[in-house]
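Here is what each chain is made of, one letter per residue.
Protein chains: 2
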Amino acid sequence: MEEKSNTLKYKHLGIYTQNENVVYMRKDCHVCISEGFEALTRIRVSNFKTSIVASLNVITSEVLLPGEIGLSQASAKKLGVSVNDTLRVSHLEPLDSLSYVRAKIYNQRLDYNAYEAIITDIIEGDYSNIHLSAFITACAGDRMDTDEISDLTKTMIASGKRLNWNKEIVVDKHCIGGLPGNRTTPIVVAIVAAHGLTMPKTSSRAITSPAGTADTMEVLTNVTLSAGEIKEVVEKEGGCLVWGGTTQLSPADDILIKVEKALDIDSEGQLIASVLSKKAAAGSTHVVIDIPVGETAKVRSTEMAEKLKEHMETVGKAVGLHVKVVLTEGTQPVGRGIGPNLEAIDVLGVLKNEKNAPQDLKERALMLAGTLLELSGKVEEQKGQEIAKHVLESGQAYKKFEAICTAQGRFSKTFVAPYQFEMHAPKCGTIRKINNRKIAKLAKLSGAPQSSTAGILMNARLGEEIEKGQLLYTLHAESNGELNYALEYYENHDDIIVID
Amino acid sequence: MEEKSNTLKYKHLGIYTQNENVVYMRKDCHVCISEGFEALTRIRVSNFKTSIVASLNVITSEVLLPGEIGLSQASAKKLGVSVNDTLRVSHLEPLDSLSYVRAKIYNQRLDYNAYEAIITDIIEGDYSNIHLSAFITACAGDRMDTDEISDLTKTMIASGKRLNWNKEIVVDKHCIGGLPGNRTTPIVVAIVAAHGLTMPKTSSRAITSPAGTADTMEVLTNVTLSAGEIKEVVEKEGGCLVWGGTTQLSPADDILIKVEKALDIDSEGQLIASVLSKKAAAGSTHVVIDIPVGETAKVRSTEMAEKLKEHMETVGKAVGLHVKVVLTEGTQPVGRGIGPNLEAIDVLGVLKNEKNAPQDLKERALMLAGTLLELSGKVEEQKGQEIAKHVLESGQAYKKFEAICTAQGRFSKTFVAPYQFEMHAPKCGTIRKINNRKIAKLAKLSGAPQSSTAGILMNARLGEEIEKGQLLYTLHAESNGELNYALEYYENHDDIIVID
Numbered sequence: 001m002e003e004k005s006n007t008l009k010y011k012h013l014g015i016y017t018q019n020e021n022v023v024y025m026r027k028d029c030h031v032c033i034s035e036g037f038e039a040l041t042r043i044r045v046s047n048f049k050t051s052i053v054a055s056l057n058v059i060t061s062e063v064l065l066p067g068e069i070g071l072s073q074a075s076a077k078k079l080g081v082s083v084n085d086t087l088r089v090s091h092l093e094p095l096d097s098l099s100y101v102r103a104k105i106y107n108q109r110l111d112y113n114a115y116e117a118i119i120t121d122i123i124e125g126d127y128s129n130i131h132l133s134a135f136i137t138a139c140a141g142d143r144m145d146t147d148e149i150s151d152l153t154k155t156m157i158a159s160g161k162r163l164n165w166n167k168e169i170v171v172d173k174h175c176i177g178g179l180p181g182n183r184t185t186p187i188v189v190a191i192v193a194a195h196g197l198t199m200p201k202t203s204s205r206a207i208t209s210p211a212g213t214a215d216t217m218e219v220l221t222n223v224t225l226s227a228g229e230i231k232e233v234v235e236k237e238g239g240c241l242v243w244g245g246t247t248q249l250s251p252a253d254d255i256l257i258k259v260e261k262a263l264d265i266d267s268e269g270q271l272i273a274s275v276l277s278k279k280a281a282a283g284s285t286h287v288v289i290d291i292p293v294g295e296t297a298k299v300r301s302t303e304m305a306e307k308l309k310e311h312m313e314t315v316g317k318a319v320g321l322h323v324k325v326v327l328t329e330g331t332q333p334v335g336r337g338i339g340p341n342l343e344a345i346d347v348l349g350v351l352k353n354e355k356n357a358p359q360d361l362k363e364r365a366l367m368l369a370g371t372l373l374e375l376s377g378k379v380e381e382q383k384g385q386e387i388a389k390h391v392l393e394s395g396q397a398y399k400k401f402e403a404i405c406t407a408q409g410r411f412s413k414t415f416v417a418p419y420q421f422e423m424h425a426p427k428c429g430t431i432r433k434i435n436n437r438k439i440a441k442l443a444k445l446s447g448a449p450q451s452s453t454a455g456i457l458m459n460a461r462l463g464e465e466i467e468k469g470q471l472l473y474t475l476h477a478e479s480n481g482e483l484n485y486a487l488e489y490y491e492n493h494d495d496i497i498v499i500d
Numbered sequence: 001m002e003e004k005s006n007t008l009k010y011k012h013l014g015i016y017t018q019n020e021n022v023v024y025m026r027k028d029c030h031v032c033i034s035e036g037f038e039a040l041t042r043i044r045v046s047n048f049k050t051s052i053v054a055s056l057n058v059i060t061s062e063v064l065l066p067g068e069i070g071l072s073q074a075s076a077k078k079l080g081v082s083v084n085d086t087l088r089v090s091h092l093e094p095l096d097s098l099s100y101v102r103a104k105i106y107n108q109r110l111d112y113n114a115y116e117a118i119i120t121d122i123i124e125g126d127y128s129n130i131h132l133s134a135f136i137t138a139c140a141g142d143r144m145d146t147d148e149i150s151d152l153t154k155t156m157i158a159s160g161k162r163l164n165w166n167k168e169i170v171v172d173k174h175c176i177g178g179l180p181g182n183r184t185t186p187i188v189v190a191i192v193a194a195h196g197l198t199m200p201k202t203s204s205r206a207i208t209s210p211a212g213t214a215d216t217m218e219v220l221t222n223v224t225l226s227a228g229e230i231k232e233v234v235e236k237e238g239g240c241l242v243w244g245g246t247t248q249l250s251p252a253d254d255i256l257i258k259v260e261k262a263l264d265i266d267s268e269g270q271l272i273a274s275v276l277s278k279k280a281a282a283g284s285t286h287v288v289i290d291i292p293v294g295e296t297a298k299v300r301s302t303e304m305a306e307k308l309k310e311h312m313e314t315v316g317k318a319v320g321l322h323v324k325v326v327l328t329e330g331t332q333p334v335g336r337g338i339g340p341n342l343e344a345i346d347v348l349g350v351l352k353n354e355k356n357a358p359q360d361l362k363e364r365a366l367m368l369a370g371t372l373l374e375l376s377g378k379v380e381e382q383k384g385q386e387i388a389k390h391v392l393e394s395g396q397a398y399k400k401f402e403a404i405c406t407a408q409g410r411f412s413k414t415f416v417a418p419y420q421f422e423m424h425a426p427k428c429g430t431i432r433k434i435n436n437r438k439i440a441k442l443a444k445l446s447g448a449p450q451s452s453t454a455g456i457l458m459n460a461r462l463g464e465e466i467e468k469g470q471l472l473y474t475l476h477a478e479s480n481g482e483l484n485y486a487l488e489y490y491e492n493h494d495d496i497i498v499i500d
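Protein sequence lines correspond, in order, to chains E and Z.
In terms of UniProt numbering, the first sequence has 204 at position 204, counting the first letter as 1, and numbering is strictly consecutive.
In terms of UniProt numbering, the second sequence has 295 at position 295, counting the first letter as 1, and numbering is strictly consecutive.
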């Protein structure tokens with residue numbers, strides 16, 4: 001099939017394109033001419049052992065010589081190539097799974113085999129960003145029924161590694177985001193693990209928010225651990241707080257999430273499949289899911305939340321998980337900090353039982369830890385929260401948290417951003433609304449989560465009576481440029497906090 | 001807002017990424033660090049006069065020096081930059097129109113203003129391929145009502161130039177593709193223009209097919225004409241056969257079509273908006289639309305076709321066009337050739353009244369030309385087809401065709417591909433099915449339309465009794481590699497032509 005002449009010498013170009021595989025070839029290279037390749041042609045690139053699929057970018061300058069080939073960083077890493085290696089290129093055989101994506105675009109139901117074919121090709125890296133975006137969009141907006149979501153979840157579980165903790169009960173929790181600063185997870189893990197349960201928590205980085213649990217935990221400890229290292233930490237401490245991306249649990253999810261981030265969407269079907277596939281693959285048996293409900297939270301109405309709850313619990317059962325969904329208030333940010341370091345400061349405050357620690361964050365964490373203790377069967381119904389409170393206030397939870405961080409390799413202190421800008425009330429009155437989305441946007445424009453000390457420190461709560469000129473919140477940034485983008489956004493939006 | 005230090009020197013990298021704007025900057029460049037840019041960040045790049053939005057690819061090698069910036073070819077052209085020009089980069093202000101795309105993903109109706117905002121940003125180049133793909137997918141699969149399609153069509157018309165021919169009646173035709181070899185347009189234009197009507201035909205290149213009318217016409221004449229040149233040709237000959245891409249009519253459509261091609265979809269709403277916006281912008285008043293219906297055509301059932309017909313005629317009226325939709329048989333390819341040169345040979349055969357010219361192509365062209373003559377009011381009802389036949393068989397149509405090609409700059413001869421491979425019947429029997437989609441795929445794998453002599457020459461018709469070993473069709477290719485990809489596809493699909 002492939003001819004010997006379809007070979008080119010690898011040259012290091014060092015172009016980082018995020019997750020997308022890109023191959024660079026000269027327009028006048030013999031292979032482009034003989035194969036009829038043109039820009040954006042999908043090409044298979046092989047090192048004679050393994051191969052990847054990449055989109056072609058055509059080079060017309062001396063960056064490459066004829067007979068040379070370049071690869072984006074991710075592709076070069078996947079193929080494990082070195083300078084002057086010989087690579088072979090060929091046309092991509094038609095991707096059959098794309099016909100399922102098209103069927104889904106046209107509102108057809110897909111079965112297990114269809115989702116399996118799609119997920120397999122996604123993990124192989126055979127989908128371009130255009131294909132990934134179409135698949136995500138076609139699955140969004142209520143276009144999957146619970147059987148389909150179950151099938152997608154199962155294929156995502158089957159596509160990666162699956163952990164086994166040799167425990168009958170392994171607990172986990174998850175929050176359907178949307179609420180800035182809602183960083184209960186580290187507190188819940190500390191309480192539950194201190195009480196003797198096994199909670200190997202893998203978290204994602206921020207998708208559309210100013211910080212994910214992994215971003216916040218990375219301030220305090222190492223979160224990028226190998227499967228072996230995670231196992232060691234959990235065996236020793238009963239819990240961990242790591243990033244899920246390196247664990248090869250549900251690897252398709254990691255690819256899909258990057259495109260969802262660019263689109264700034266998180267659809268119901270993908271959301272359920274993403275959460276539950278990670279939980280099942282991580283070896284969990286009992287999972288509590290927190291859905292904050294509020295006008296500007298991710299889930300806006302009790303009706304939507306109830307539907308999501310029902311779907312989550314149905315799909316959970318279908319994939320063999322005990323799932324309990326809790327609806328919580330989602331009308332304003334939780335705690336004071338928004339952004340990795342600022343949230344880490346709140347978490348430590350609660351764990352250390354500091355006087356000025358944010359009480360709303362503490363109460364949420366206790367409720368969730370209590371629910372998890374009850375769901376596990378480890379404590380009696382109605383007793384969970386009381387026991388959680390005791391574990392926290394006695395200092396056992398902080399001790400456990402410190403031990404987990406140390407087991408993960410370090411327990412670091414937090415930092416405060418060099419650039420700060422205080423926002424004051426333009427008039428007196430009552431705080432009527434705090435727009436979670438706009439607060440999150442502001443924190444992201446300030447640089448969170450990439451700049452780990454960036455974000456927002458809130459100083460206002462719903463219903464509070466305030467004076468004109470009173471401090472509402474402080475912007476934190478690591479560069480003047482980022483601070484300016486946040487300020488520009490602030491100047492163009494007068495409904496971030498509504499006072500009247 | 002922007003600091004002076006946000007400037008970099010332009011270096012020519014000569015990387016061609018098709019339509020997507022990509023900017024290349026060093027990871028360790030002062031701007032990336034101070035602004036917090038990372039791979040795939042959307043960045044505004046300005047030459048102090050105009051600006052574009054591009055996705056960042058980060059360079060870690062000596063391809064660029066710190067302080068230098070590169071651009072993909074399309075972006076460099078849009079900005080009109082030269083080596084060592086100073087460019088300024090800044091964060092992209094949040095794109096408000098993406099919130100409408102998200103609303104559409106979540107099944108909400110969009111109004112005129114929303115579509116206008118989206119189309120404006122698309123034309124500005126502010127959407128990445130991920131965003132374009134999401135917009136196309138969200139609009140596919142029956143997710144737009146006719147009011148929405150009308151609004152989208154109107155915004156697409158308003159977004160570009162609009163031609164004015166100073167004629168009361170300007171006719172046009174369009175075929176909703178899906179049928180390989182169905183190249184009636186050049187014949188219809190020749191007949192109708194020879195009869196004295198004005199038909200300034202702009203066509204697209206292939207979206208998902210082995211050839212578009214523009215690809216086929218490019219074999220015979222120049223199709224890339226300026227608006228001024230088109231005007232001259234039409235004033236002289238009453239008709240033209242040019243590519244619509246350079247005319248800046250409905251420029252959003254040209255951008256969307258490239259992504260649709262990568263997805264291999266063509267959704268109803270986008271399809272109607274694409275076709276009718278081009279027609280209205282081209283100054284047409286009366287339009288006949290041909291919808292071939294068949295199991296493997298683009299429109300698979302009479303029911304779907306009737307719905308599309310109704311929507312087309314409704315939207316047509318809303319944007320001020322007289323639209324008549326004709327449903328035609330779509331069970332097999334039309335004519336013999338599939339691919340630019342092979343189709344051009346068929347078209348010339350019909351126009352020259354050659355004995356062995358494909359009769360099915362001739363009959364279709366006469367029916368459409370007749371319908372158009374009647375719709376225009378230029379000839380009596382029921383008389384159109386008879387008059388069209390006379391114009392064709394008298395040689396007037398060929399004379400007009402030759403004159404149009406000459407006016408467009410050349411009238412070239414056709415060529416035949418260097419690589420050919422005959423496909424013979426594996427058994428005797430009756431030809432029961434010819435799969436249009438798979439025949440088209442085979443022609444595309446053979447290299448059509450990029451390789452203009454590539455494609456398929458059909459030698460079989462539905463219902464025909466054949467002997468074992470009889471010639472069914474011939475693959476034509478310009479490279480051995482492409483021929484092999486077609487053969488590999490053939491070997492893996494035994495239902496391209498069904499004989500029993």
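Read the hints as simulated data drawn from the structure, not as lab findings.
The structure presented is a predicted model; accordingly, all values stated were derived computationally and were not measured.
Note that CB positions come from ideal geometry on N, CA and C, so glycine has one too.
There could be a bad hint or two in this list.
[Unchecked claim] Quick list of in silico lysine to any residue cross-link-like pairs, SDA-like style, CA-CA up to 20 Å:
hint, chain 1, residue 1, chain 2, residue 2
1, Z, Lys9, E, Ser61
2, E, Lys258, Z, Tyr16
3, E, Lys11, Z, His12
4, E, Lys261, E, Lys438
5, E, Lys258, Z, Asp28
6, Z, Lys167, Z, Gly320
7, Z, Lys27, E, Ser479
8, Z, Lys438, E, Ser99
9, E, Lys383, E, Ser99
10, E, Lys258, Z, Lys438
11, E, Lys261, Z, Gly320
12, Z, Lys27, E, Asn480
13, E, Lys77, Z, Lys27
14, E, Lys352, E, Ala407
15, E, Lys307, Z, Tyr106
16, E, Lys11, Z, Tyr16
17, Z, Lys258, E, Pro94
18, Z, Lys258, Z, Lys9
[As the list claims (entries may be wrong)] Label pairs and their calculated CB-CB ranges:
hint, chain 1, residue 1, chain 2, residue 2, range
19, Z, Thr60, E, Glu467, 50 to 58 Å
20, Z, Ala227, E, Gly67, 39 to 47 Å
21, E, Asp145, Z, Pro418, 48 to 56 Å
22, E, Lys77, Z, Glu303, 49 to 57 Å
These are the hints, each one checked on the structure:
Between Lys9 (chain Z) and Ser61 (chain E), the direct Cα distance comes to roughly 17 Å. Compliance with the 20 Å bound is thereby established for this hinted pair. Distance check on the hinted pair: Lys258 (chain E) and Tyr16 (chain Z) sit about 24 Å apart at the alpha-carbon level, beyond 20 Å; violated. A C-alpha spacing of about 18 Å is found between Lys11 (chain E) and His12 (chain Z), which places the hinted pair at or below 20 Å, so the restraint holds. In summary, the hint linking Lys261 (chain E) to Lys438 (chain E) is supported, as the alpha carbons are separated by about 16 Å, within the 20 Å threshold.
Proximity of Lys258 (chain E) to Asp28 (chain Z) is assessed by CA-CA distance (about 23 Å); at most 20 Å being required, the pair is judged violated. Distance check on the hinted pair: Lys167 (chain Z) and Gly320 (chain Z) sit about 15 Å apart at the alpha-carbon level, within 20 Å; holds. Distance check on the hinted pair: Lys27 (chain Z) and Ser479 (chain E) sit about 16 Å apart at the alpha-carbon level, within 20 Å; holds. Of the supplied pair hints, the one linking Lys438 (chain Z) and Ser99 (chain E) holds, its CA atoms being roughly 13 Å apart against a limit of 20 Å.
Between Lys383 (chain E) and Ser99 (chain E), the direct Cα distance comes to roughly 52 Å. Violation of the 20 Å bound is thereby established for this hinted pair. As the CA atoms of Lys258 (chain E) and Lys438 (chain Z) are separated by approximately 34 Å, the hinted pair breaks the 20 Å bound. For the hint pairing Lys261 (chain E) with Gly320 (chain Z), the CA-to-CA distance comes to about 41 Å; that exceeds 20 Å, so the pair is violated. For a cut-off of 20 Å, the pair hint linking Lys27 (chain Z) to Asn480 (chain E) stands: about 19 Å separates their Cα positions.
For the proposed pair Lys77 (chain E) and Lys27 (chain Z), the alpha carbon gap of about 18 Å is at most 20 Å, so the pair holds. Using a Cα cut-off of 20 Å, the hinted pair Lys352 (chain E) and Ala407 (chain E) holds, with the two alpha carbons roughly 19 Å apart. This hinted pair checks out: Lys307 (chain E) and Tyr106 (chain Z) have alpha carbons roughly 15 Å apart, not beyond 20 Å. Straight-line distance between C-alpha atoms of Lys11 (chain E) and Tyr16 (chain Z) comes to about 18 Å, which keeps the hinted pair within the 20 Å bound.
Proximity of Lys258 (chain Z) to Pro94 (chain E) is assessed by CA-CA distance (about 18 Å); at most 20 Å being required, the pair is judged to hold. Under the criterion of a C-alpha separation no larger than 20 Å, the hint pairing Lys258 (chain Z) with Lys9 (chain Z) is inconsistent with the structure, at around 31 Å. Checked against the hint of 50 to 58 Å, the pair Thr60 (chain Z) and Glu467 (chain E) passes, with Cβ atoms roughly 52 Å apart. The supplied range of 39 to 47 Å is met by Ala227 (chain Z) and Gly67 (chain E), whose beta-carbon atoms lie about 42 Å from each other.
At roughly 52 Å, the beta-carbon separation of Asp145 (chain E) and Pro418 (chain Z) lies within the given 48 to 56 Å, and the hint holds. The supplied range of 49 to 57 Å is met by Lys77 (chain E) and Glu303 (chain Z), whose beta-carbon atoms lie about 50 Å from each other.
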